[in-house]
Amino acid sequence: KLKTLKGHGDGVNSVSFSPDGQIIASASWDKTVILWDRDGNILQTLEAHEDGVHSVSFSPDGQTIATASEDGTVKLWNRDGKELQTFKGHDAGVFNVKFSPDGKRIASASLDNTVKLWTLDGKVLKTHKGHEDRVFGLSFSRDGKTLASSDNAGKLILWDLELDSGELVQGGCDWVRDYLKNNPKVSQGDRNLCDGIGIKK
550 KLKTLKGHGD GVNSVSFSPD GQIIASASWD KTVILWDRDG NILQTLEAHE DGVHSVSFSP
610 DGQTIATASE DGTVKLWNRD GKELQTFKGH DAGVFNVKFS PDGKRIASAS LDNTVKLWTL
670 DGKVLKTHKG HEDRVFGLSF SRDGKTLASS DNAGKLILWD LELDSGELVQ GGCDWVRDYL
730 KNNPKVSQGD RNLCDGIGIK K
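Sequential numbering from 550 applies to the sequence shown in the numbering used here.
To be clear, the hints were calculated from the coordinates, so they are not data collected in a lab. Note that the Cβ used here is the ideal one computed from N, Cα and C, for glycine as well. Please note: incorrect hints may appear among the correct ones.
Mimicking EDC-like on lysine to aspartate or glutamate, the simulated pairs with C-alpha atoms at most 16 Å apart in a straight line are [said to hold, decoys possible]:
1. Lys-647 to Asp-692
2. Lys-653 to Asp-588
3. Lys-704 to Asp-727
4. Lys-704 to Asp-670
5. Lys-694 to Asp-651
6. Lys-675 to Asp-661
7. Lys-678 to Asp-709
8. Lys-704 to Asp-682
9. Lys-550 to Asp-588
What follows is a list of derived Cβ distance ranges for each label pair [claimed, not checked]:
10. Pro-733 to Trp-578: 46 to 54 Å
11. Asp-559 to Glu-681: 29 to 37 Å
12. Thr-635 to Asp-559: 19 to 27 Å
Kindly produce the complete structure, drawing on both the sequences and the hints.
Put into structure tokens, the structure is as follows:
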């Protein structure tokens with residue numbers, strides 16, 4: 550045994566090393582995440598969740614930390630403990646969170662039986678519905694093209710994350726349609742480029 554790290558006021562649900570191996574993050578039912586150095590010293594305490602924290606994960610570059618909570622949210626933090634984003638969209642507690650291998654997307658698994666894929670600024674790219682029970686496990690393939698999820702009923706599902714070109718065009722048009730229609734700098738001829746493409750949700 551090298552060290553015993555003590556600092557949480559309740560059970561610890563998840564622990565993760567930073568990619569460089571210098572920081573350890575722990576997530577607890579006490580609503581906090583603690584960042585530790587390898588000597589067991591507390592570097593930061595992340596406090597913003599309103600209920601227990603189920604999962605903590607580092608981005609591939611080690612600069613961003615994702616947390617998932619029973620309060621139904623996912624939060625992003627920097628290594629200095631500053632809260633960067635709050636992702637809201639699940640209808641129940643979020644049990645797991647993972648970064649994609651390229652660090653550009655986040656997957657979350659929830660007790661609402663769904664898996665969501667997010668951009669880093671909190672936009673939902675996809676809600677995967679296929680589980681009939683609470684979703685606990687998540688893992689990206691190394692190439693980031695497939696996501697595996699597992700649930701409380703014993704089911705594992707593999708999701709294909711590669712979008713075809715049609716989906717990309719639809720998604721892009723959904724994002725820029727208001728800009729094309731309303732920005733005075735857009736020429737009249739370009740205002741209708743996205744008409745009939747995609748459905749704004």
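Do the hints match the structure? See the list:
no.	hint	in the structure
1	Lys-647 to Asp-692	holds (14 Å)
2	Lys-653 to Asp-588	violated (31 Å)
3	Lys-704 to Asp-727	violated (41 Å)
4	Lys-704 to Asp-670	violated (30 Å)
5	Lys-694 to Asp-651	holds (11 Å)
6	Lys-675 to Asp-661	holds (15 Å)
7	Lys-678 to Asp-709	holds (13 Å)
8	Lys-704 to Asp-682	holds (9 Å)
9	Lys-550 to Asp-588	holds (13 Å)
10	Pro-733 to Trp-578: 46 to 54 Å	holds (52 Å)
11	Asp-559 to Glu-681: 29 to 37 Å	holds (30 Å)
12	Thr-635 to Asp-559: 19 to 27 Å	holds (22 Å)
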